[in-house]
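Listed below, chain by chain, are the residues.
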Amino acid sequence: MNAAAMRTAPDSVARALTTRRRDFKGTLFTVVLLGSLVVAMAILGTLLFTVISGSLPVWRSRGVGEFVGSQMSADPEVAGIWQAFYGSLLLMVFTAVIALPTGIAAAIYLEEYASDTRFTRIVNANIRNLAGVPSIVYGLLGLALFVKLLGGITGPEVHGRSVIAGGLTLGLLVLPIVIITTAEALRAVPTSIREGAVGVGATPWQTIRHHVLPVAAPGVLTGTILSLGRAFGEAAPLLLVGGITTFFSTGDSNLIETLQGRFSAMPVLVFSWSRLPQEGFRALTAALIVVMLIVLLLINGTAIFLRNRFEKGVRT
Amino acid sequence: MHHPEGARHRFSEALDGALRSTVELGALVLDNIRRVSEALLENRLDTARAVIEADGEIDAKYSALEYRVFEIMARQQPVAGDLRFLVSLTRILYEIERSGDLAVNCAKGLTRRDGYTLPPAIHSLLARMSRSAADVFHQALEALAALDASAGARLNVADDEVDDLVGMLYTAIAERSDDMGFDLAVELSRVGRYMERIGDHAVNVAEHVTFIVTGEFPEEPAGV
Amino acid sequence: MHHPEGARHRFSEALDGALRSTVELGALVLDNIRRVSEALLENRLDTARAVIEADGEIDAKYSALEYRVFEIMARQQPVAGDLRFLVSLTRILYEIERSGDLAVNCAKGLTRRDGYTLPPAIHSLLARMSRSAADVFHQALEALAALDASAGARLNVADDEVDDLVGMLYTAIAERSDDMGFDLAVELSRVGRYMERIGDHAVNVAEHVTFIVTGEFPEEPAGV
Amino acid sequence: METHGEESAMQTIEEQLRGVPARIRRERWIRRFFFGAAATSVVISVAIVASLVGEAWTFISNVDLPLLRSIGWFPRRGLYDISTLFAGTILVAGIAMLVAAPLGLGSALYLSEYASPRTRRLLKPVIEVLAGIPSVVLGFFALTFITPTVLKAVFGDAVGGFNMLAAGIGVGILTIPLVASVTEDALRAVPRVLREASYGLGASRMTTSVRVVVPAAVSGVVASLILAFSRAVGETMVVAIAAGATGGSLFSWDPLTNGQTMTAAMAALAIGSDRVRGDDYAFQSLFFLGLLLFGVTLILNVTSERFVRRVRQKY
Amino acid sequence: MNDEPLSETTVDSGATAPPRVRIDVASEQTRTTGATLFSLRQVAVDYGDFRAVNDITLDVPSNEITALIGPSGCGKTTVLRCLNRMNDLIESARVHGSILYHGVDLYGPHIDPVEVRRRMGMVFQKPNPFPKSIYDNIAFGPKIAGVKGNLDDVVEESLRRAALWEEVKDKLRESAYALSGGQQQRLCIARAIATNPDVVLMDEPCSALDPIATLRIEELMIELKTRYTIVIVTHNMQQAARVSDRTAFFTVDVKEDGQRTGVLVEYGDTGMIFTKPDDPRTEDYITGRFG
Amino acid sequence: MNDEPLSETTVDSGATAPPRVRIDVASEQTRTTGATLFSLRQVAVDYGDFRAVNDITLDVPSNEITALIGPSGCGKTTVLRCLNRMNDLIESARVHGSILYHGVDLYGPHIDPVEVRRRMGMVFQKPNPFPKSIYDNIAFGPKIAGVKGNLDDVVEESLRRAALWEEVKDKLRESAYALSGGQQQRLCIARAIATNPDVVLMDEPCSALDPIATLRIEELMIELKTRYTIVIVTHNMQQAARVSDRTAFFTVDVKEDGQRTGVLVEYGDTGMIFTKPDDPRTEDYITGRFG
Ligand SMILES: Nc1ncnc2c1ncn2[C@@H]1O[C@H](COP(=O)(O)OP(=O)(O)OP(=O)(O)O)[C@@H](O)[C@H]1O
Ligand SMILES: Nc1ncnc2c1ncn2[C@@H]1O[C@H](COP(=O)(O)OP(=O)(O)OP(=O)(O)O)[C@@H](O)[C@H]1O
Ligand SMILES: [Mg+2]
Ligand SMILES: [Mg+2]
Ligand SMILES: O=P([O-])([O-])[O-]
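Residue numbers (the working numbering), protein chains in the order written: chain V, 285 to 600; chain C, 99 to 322; chain G, 99 to 322; chain Z, 64 to 378; chain B, 35 to 325; chain L, 35 to 325.
Treat the hints loosely; a few may be bogus.
[Unchecked claim] The calculated lysine-lysine pairs, modelled on DSS-like cross-linking and capped at a C-alpha distance of 25 Å, are: (1) L:LYS160 / B:LYS160; (2) L:LYS160 / B:LYS289; (3) B:LYS205 / B:LYS177; (4) V:LYS309 / L:LYS182; (5) L:LYS177 / V:LYS309; (6) B:LYS182 / B:LYS160; (7) L:LYS205 / L:LYS177.
[To be verified] Now the stretches of chain V that chain B is said to cover, found in silico as 3 or more residues with beta-carbon under 8 Å: (8) 472 to 482; (9) 486 to 494.
Calculated directly from the structure, the hints in this document are not laboratory data.
The beta carbon of each residue, even a glycine, is placed where N, CA and C say it ideally should be.
One chain only, chain V, in its complex shape:
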């Protein structure tokens, strides 16, 4: 029999098609990959376990309400996180108000209006770079700009170390991220939808408002919420623009006064407390972290929920 016939004779074909050896390399490879995933997850588990178990004494002895509601203090027995908690939320709102509209609008311009000119390209590259600049450099910017230069406006009473300065700094920090995620969401809107709208005589703005934005909304929402989460966790820039970690009064004052007043934030407090030598602050820090993680989980969870929710609805 010649080679061709060999190739087609049923028993030789059967032999050729039958599994010969176990694929050890393949199995090993799978094990290694799975291992790295397991290790990564284990680290997360350990982290959560350490923090939560470390915080248990606080919950046991003080309770959530008391811990969150108490004023900050140097005494571990009575120290709470109220100003930091309140400050973080305030900063978030301020940041959102500053960064989201500007960022989304900028992204709309870049994706929907701008033509592909040298200027546009520079702006785009610039934004990508800004997103990669370390957060502490934004702190420097805030320090130079909002604290030193504009201190008279941002916080005349507090040498510029105010909520406004902190909020603006975080706002600038997240702005490029908001622009990039929004632009990405806009880019994910199929051109065919725009063409469909333009084809029936929609103006650019009508196209954006009725078709592009509604489709991009979940993506924009997810991206911006995640960027707010980022702002929430930042400590370094706030250190530079003067986040306070000791007691200060948050007595009744109007909105402007509040904004121009001193501030604290939970991440800053974590930093400060973790460096304190007293053993009592270990548990307090852990408890503080648990509070932070819960807030973050709420924020990010919302984002992921929104995304999963809309991803099913809108195909491209």
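The hints should help you fit chains C, G, Z, B and L with the ligands onto chain V, whose structure is shown.
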């Protein structure tokens, strides 16, 4: 449903239209065949001339219709039954047109031999033969109009009668050739030949109808 | 380049093949036409029988070839020149096949009238006429093989010669009908008629060649 | 043929085609508004560079250059040895990459190529949540768990309470989700048809992953690593908490002792920013460091983008 | 309306028999078939420095289906998009020559492209319904064009004309994405005609559909031409043969220096193009003898 | 080779004339045309609870082109992917009945799907070259199959067979993505045959290509069938008519309860299918009278 006949509604309509026009053309030819028989039997020159004149219209319609079918083929990429239909229709048109020409040939023969009297036996044979041929042609048209697959085999038999009559006519002519004069005898034998051919064409039409419907020709090979 | 004739190389080959086969079929028919003339002139029954027998092969080849063309149409969605080619080829095949049948008709006539002698004048006329008809048919095949668009108009003229000779033959027969006997006279006039038709078929072939190449029929409307 | 009626009908069409002026004006204003927003980003970067360059220039022009090359980084004592910070930065970022790269890439590859759709749907969000953990948390974790529980067990007393190794590991953990997430996205973006082509040729899952999917996604994989490195270089809080060295640090490559990175040095300077005036130019050195950091990350980002683009162009 | 190359007979008879002229004029005013809707004269389109198509001169008659065919890259889409100024969306595109629509220069100085597009429907290669309900898809065009009040009638009428009403009348509020590909494309056609355009431009409207859906859309096009002028770009020569009344065949002209420009080879009655094209390049293309 | 329903003549003559048996057997070993390569018996495929196709029985002869046609969703792709066990990649897919390849049950207990795929080339709907050089695309298959040493010859031979060599021989190291769509698809064909398979499975290989590239690939397929058995899924009936030797027409059978299952309606000589199909459903489909 909006499209009662499916997605190629208009294509079907085009095919129906072509079929209808072909049958109409056939009816014109049939009319000519009948008139030319009448003219032959009653020795009517005017009728013969009318037949010749009518053929001009037939030819024009034939050309137009042939082109129409050709254009449908070019534009609709027919396959299977549709292609069988269109290709066969082209052939059927040709058979019909040829039958028209044969009627004209008869008429022309008549105009060449003005004024004659047929022996009664021949007259009656001629009458039967041309009626038979016209009948077969008529049946072929009906089979075409109704896309009746069974007609192919049936007409083959019916055409045998025409052939028999033609044979009888030849014999009769040969017997009487001296009475009638050679020219008339030859002319009449030609008419017999033409009527035989008309019958053949009709059979071809019917066989192609069978082909359209079934994809196969009846027993006897087609076009022979 | 790997595909010297572009993307539809094989399709072109199929068309070429169909054309070649058609010309070959035509050559068989031409051969039969020539042989039947010889048989007629030399009163050779065996040749006549050979002609009749050969037609069986011709018919079989015709059917196969017609189906082949039909299948190409079904499978290749031809348009423009290709479609003109295939549709015309179907018709040309039919014309060729009919010509073959006419040759057989001549041969059958011969077998019916065994043993005759032709008056020399008629013999020579018959010889010229059948040579002419065969010539016209030959030219048509050459035009087909070469896809020569000019042949349509040219053959129309050449065919006139055949027609004239047939006319002369009729006259000669009518003059000598008494010498030859009525039967032979009628038979010979039929042969004239058949040769005339062969000429017509050849002209149709050439006219369809013109149509294939130019998309238009020469001056004279086709198929008439 | 041109009757009067036709002419006016024609004009109507032409007039109609001119559109409504009010609408055209409104569209123009909307466009200007969006343009303004986009221009802000340019303003910010100009502001950053301007604010950094100004103060940094003061620093450079007033500090004795020999002080930039000394035994360590002690700004309040007027010692500004930059190489100390570079060494620390590279040490931390390097350790971080050793942790993040294998775990991140491995996890991503598993999730994208091996995991069942259900597993992926479950774990991908977990990784994203992990990505959102603030750096201070990792700092705390490094300080209170990695060092005392893990490192002490391995190295014994050789390791200090504050050390660069713990900081590096912390930063590494911080960047695992980044690497995993970006890489996984890149791997998922490889068209399914390429995998099918590979399977169709009789490739196993491993061959397909390693020789088709990863090479096709290489730009994304590399980008994720560079991004992670850049993030590690710019990371402040983990180091500031876990590596100690608040006041300053001697030049050292030893990961088991305390040390200083550029960012941590800035944080250290800033904590007591009231006292930043302790030395003449300590405050300005902050901006000098900021400028350096800005430059380094800029170069990294540009490199990563260049690289990615080059790879993309090739295919 | 004074240059009407398509119906010579009318013009001729008008010239010889004065009494019939009146009748002809009158009938022409009511019957728009054959009148020229678009008139392109020496149109050329550049993308930056690259000349995509050159020297296109053709008249598109009203209420007929005009097909643009030709090999990939010959500029069919480019020419189509000139007709409703969709090319304005591409920065680098420049149109030369003149394109008249009802005798009005579409690229005249004060012409608003948005207004132009409102008068012309457009259907794209892939069905691209908006991710909204079927109803909203249709209603969008009229709404932004300023039509107030209840749009139910407009929606129903458009869907009926697009031969979709029966299939969707019970689920107008459902997402357009729940429809099959062919239905989506018919929805897009309904959307395109909802603004009451007089012309519908289609760019390979069936290339993403299966043969069944394709034939449906073709039927629909033939139905629509009684009301609308249709210009269709198609890769599918058979489609052009099946549906169009006139066919324009474009090809790519390659200069010695390698410049590739789209040019119009032949424009005429579709029947003629597919049975007896004038230009050998057309013949080669439609019979598949290229390359 | 003991069940060979397609070449009855050979079997018959073998049975009656002993001396000729030897000759027949010998000639069969070199000439494989007409031998059955795949033999499907009552094949059914489920995706989870959903029966996608049911009761498919057909024999695919060697060295011929077999086309699978039918409306969307009738299971053409599903059947094709059973042949090289690509369905194994889909979690929920289950194959019932038997599929013999050279008489070997492909779904037998010890059959390694990876080995099966190595012996069969596959070409997909959209050209999907690897993002590597032209050379590496071709060399990939042989390399992973363990072929050592210089692969230049294999690469050249495969490219020649795929009618691509002349066009790419000077740029083997360039990215495959720099090729046109049609060239990419021919590259994919070259890649599929580089491992020396005896069958090439193609799933709508031209649906993303323009008519010119399509006709090129069709020519190529006809050339390839002297060496390979080709099974092609196509939406394009004309394509099936043009290239295939045998055509299987599938359709979707809708049960009363709305269950939609793919079934084989007719399988036979392509010429017959397109001139005189047996089943009226086939006729309706190929002549466009459906829906
Ligand atoms: N936005 C653009 N920028 C630059 N060149 C373009 C652009 N759009 C098209 N072209 C070029 O213009 C030429 C014509 O393109 P067009 O899309 O009109 O061709 P087409 O005939 O529609 O081809 P296809 O059949 O592939 O759609 C091509 O060479 C194409 O590369
Ligand atoms: N992975 C899958 N999971 C579940 N159902 C599937 C899957 N793949 C295909 N199907 C279903 O199986 C049936 C047959 O699908 P298949 O893709 O084989 O059809 P097809 O004839 O190739 O159609 P098309 O022409 O659209 O490609 C369809 O109803 C389809 O929805
Ligand atoms: Mg196009
Ligand atoms: Mg499929
Ligand atoms: O062509 P005929 O005279 O034989 O019909």
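Within a Cα-Cα threshold of 25 Å, do B:LYS182 and B:LYS160 meet the stated pairing? Roughly 30 Å separates the two Cα atoms, so the pair is violated.
The segment 486 to 494 of chain V covered by chain B? Criterion: 3 or more residues, Cβ-Cβ distance below 8 Å. With 4 residues closer than 8 Å to chain B, the segment 486 to 494 of chain V meets the three-residue bar; holds.
Are the Cα positions of B:LYS205 and B:LYS177 separated by 25 Å at most? holds, 21 Å
Check the hint pairing L:LYS205 with L:LYS177 against an upper bound of 25 Å on the C-alpha distance. Holds - the C-alpha atoms of L:LYS177 and L:LYS205 are around 20 Å apart, at most 25 Å.
Restraint check for V:LYS309 with L:LYS182, where alpha carbons must lie at most 25 Å apart: It holds: about 19 Å lies between the C-alpha atoms, which stays within 25 Å.
Would you check the hint for L:LYS177 and V:LYS309, treating anything up to 25 Å between C-alpha atoms as holding? This hinted pair holds, its Cα atoms lying about 17 Å apart.
Confirm or reject the coverage of the segment 472 to 482 of chain V by chain B under the rule of 3 or more residues with a beta carbon closer than 8 Å to the chain's beta carbons. holds (count 7)
Check the hint pairing L:LYS160 with B:LYS160 against an upper bound of 25 Å on the C-alpha distance. holds, 16 Å
Keeping to a limit of 25 Å between CA atoms, is the pair of L:LYS160 and B:LYS289 held or broken? violated, 31 Å
Checked against the numbered hints above, the structure violates hints 2 and 6; every other hint is satisfied.
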